[in-house]
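Asker: Here is what each chain is made of, one letter per residue.
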Amino acid sequence: MSLLSPLFLLGGLALTLPLWLHLLQRENPIRLPFSSLMFFEKRTQSSMRERRLRYLLLLALRLALLALLALAFAKPVWERTAGASLAGLPRLHIIALDTSLSMNYGGRWQRAVAEAEGVVSALSGADRAQVITMGPSVRVVTEPTGEREQLRAAISALKPTPSRNSYGDLAEAVRNLAPDGSLPVNLHVISDFQQSAMPGRFSDVALPSIVTLVPHNLSEASAPNWAMESIQGTLRVHAGRQPRIDVTVAGFGAPKASKRVSLTIAGRPIASQSVEVPESGRATVTFERFEVPKGHSRAEVVLEPADDLPLDDKMLLALENAEPETILFVSNDPRKRDLLYYRAALDASPLALFQVQSAGTTDVDRFSPDRFAMVVLSDVPQLPSPFLSRLESYVKSGGSVLLAAGAKVSLAGKAALYPGAIEEVRYAPREGQRFQLAGAVEQSHAVLQQVERFRGIKFFRYAKLTADESDVLARLSDGSPLLVEQRFGDGRLLILASSLDNIWNDLPVHPVFVPFVVESARYLSGAEQQSRLAVIDSVLELRQRQAGGSMVQVFDPRGERILSLSEAVSHEDIRLGEVGFYEVRRTGETALVAVNADPRESNLRTVDAETMALWEATGTSEAQAAAVAAGDETAVKPPPVKIWWFLLLLLVLAALVESVVGNWHLKVQREV
Amino acid sequence: MATQTLLDPVILSRLSSIELVAKTVVDGFLTGLHRSPFFGFSLEFAEYRPYVPGDDPRFIDWNVFSRTDRTYLKRYLGETNSHLVILFDASASMGYASGGVSKIEYARFAAAALAYLSIRQHDAVGLIVFDEKVRGYRPPSTRPGHLQSVLHFLEHAEPATGTNMELPFDHFRQYVTRRGLVAVLSDFYADPETVVKSVRPLAYQGQDIVFFHVLDPAEIQPEFTGATLLEDMETGDQMEVSPDFVRREYGRKMQDHIAAMRKATQGIGADYMVLDTSKPLDLLLREYLLFRQRRR
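Chains as they are written, first to last, in this note's numbering: chain E, 4 to 675; chain R, 2 to 297.
Simulated from the structure, these hints should not be mistaken for lab results.
Check each hint, because a few of them may be wrong.
[To be verified] A few chain R residues facing chain E, derived, Cβ under 7 angstroms:
hint : residue
1    : Val65
2    : Phe66
3    : Gly227
4    : Leu230
5    : Glu232
6    : Met234
7    : Val242
8    : Tyr251
Because the structure is a prediction, the values reported are computed rather than measured.
A virtual CB, placed ideally from N, CA and C, is assigned to each residue, including glycine.
Construct the complete structure from the given sequences, taking the supplied hints into account.
Answerer: Set out below in structure tokens:
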């Protein structure tokens, strides 16, 4: 027997406690002078022995309880003698077929099916087989069976997928499928053994010792492949913003080649360019200044001529030509520079698609907040009641507002729409270099990921906001909240404790002002949630900003509805399991998501021989398995038997007996 | 009854002198005896004796006086001239007390009462105080002042060391040759056969012996609630005992010992009585008088 966690045996030190208690109990009897011990002689001693014996039983039970507990935590295992239990037993053959994208290369799939059928045909005697697939994840196709026809039918029904596979997922599945040491297992991995399918940690592919890895390597000595590796660019355009798409073409194990990259939108050819791809290298092609139809468009970029793996020679894009979203900027004084700085920051970013509608507090009443992507209130202590009421409704039903403090807010001691109080306004004059810097910043927040912690920004004045600790996104160096996010019904408020006009601070003249404005606008308007490009088998979140209970319906690339009515109201996300265009329809808006194959499947480089040998060694090698079949009892070491559960059973039993014995002693004491 | 209250050992322990205790016990007992015809003790008339100054006028036969104008005292059976030797155990174990009075104090009251009663009956009284050796001897005598000497010696007999039952009887045989009454007051923590063996020569000598086995109620049936470490008052030995054993076994062993003592002493023709130190002393005196009556 051996121990997997021997350090827990230190818990055995607790055994001294009952020993000490039982000894202590014996040391403090009542002392009494008595006329004569004549009648307490031999008989008395035997009665004392009897008492000790009873107490010793209780002591022994208590010691056993603690000893069993410490031993159980130490995870004892019983090492079994090797081999003899395995020789002569029928084997279980797990046929793991790789159905990932790379298996579409050349004739690999046909060879894979042939290999699988060969394994089935080679089953002997009482052997059984089970078919599973890899990519995406591991799917059990059949239960263990000796019926060859059933197995062949299951294999012939399989097809490769555009997904990727993982040998880590395979090993985990096998650990669950393989019987616990009672039956030898042959794991037939029929795959091209792509290096990209190996997990980052080698221990993730470790197999149980009872499993023999039988690789059926379908890869070729040379497997050149070219693929569309990535696409970047402006996918959402409008009249004032031209589209631009940068396509990267990569060659994997491929010689230098001339390729052609073509762009089509809605099936209509738009542009085509030639590109020279260096040997096992990359090249970039740019498409710009092309027309994008109004609304959503399904675009395709294709690499020609096709190679032996055509599925990665095409990449889908979801384009949108729509008017930019409008932000309502409300300021108490249109002559102030806050609007100037804000608009300039939005225009400076190629990512943002916003235009700004300005309004003063006197004329804001003519606007309806519902028409805007978000609202900015810059130094606005109060608003006309009708507009304030509409604004509150807008926010409660999911809209968002950016509030910024300023001189008017400080004078009034309050900001419009802000539910909290402005405790005071702190002032540090520019003369004498007295100012606050940014302190703690929640960098994981979408608004603050690119603001470099507001490094170097000087804050001369700021409003002291009251906020819960969990709502504060950034603080000044004196601990006062700088940026606070609060929920307001289904919408949210983002409150900046300083101004946007380069008077209370110098933020607008720092480069980080642009990402702060752009990201806060994208975050508050919900634009950041709409990803238009995705990889197969990834998860699309449906309700980042939508209120619970609103309808979100998704249509797959074949145009079929994915969610039922109840699911459309409740589902938080879906898995994008097919290559193609998914259409996501929300209240008042529709979005297209282009799903492409995983680019990692394009690199056909195989696992090196040394890694394969190490992987085989985690289980039982074929040589060892053959030795066992020939009667060599020492060839394979069965997995040890875990006996901690047995110790816990004994512990429970000992606890019950200890309770009974202890209670009996107490009963005797009470009678006395 | 007032008599029984006065004979309560706890009450007696509050009296200032042993002589007073003796007088209280005996007079109280006799008063009750004369008042109650059902007391259980019969006074059988033996003879008349001329009254001499100092005699108790209660025993004057007034019928005879009215007929003869002479004062005569009635004398009863048992009021013959005899002597009583009290063997008094003053070993350490006699100092045990569970509450109330200790055994030696109770034995002191009993011995004093016996001595006083004997003197009143014109019997000579003697005393041997012993533990593991004879600590003192007062030969039987009726001389004036002898009672006080005996009582004084009793009063100062404190528990000391161990017990040797043979020595006092040897001493008795050496110094007391005349037949009479012997009262042994002890807790008899010894083998009954050993005790009887020591006493047997006296029985052969014709002495009339009564054994008063003095025991505290806690010795008859102890009550311990938990593990108890007992220390022998004579040897100093210690032993831890369990309440279970005490409850089940000890009482039986004590009763067996008492039965063995009774049997052994009766085997040599002696009388035997257990004196429970929580009980009044009238039982003691009644027993003594019955014993004395039987031994004419």
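Asker: Check each numbered hint from earlier against the structure, then list the numbers of those it violates in ascending order.
Answerer: 1, 2
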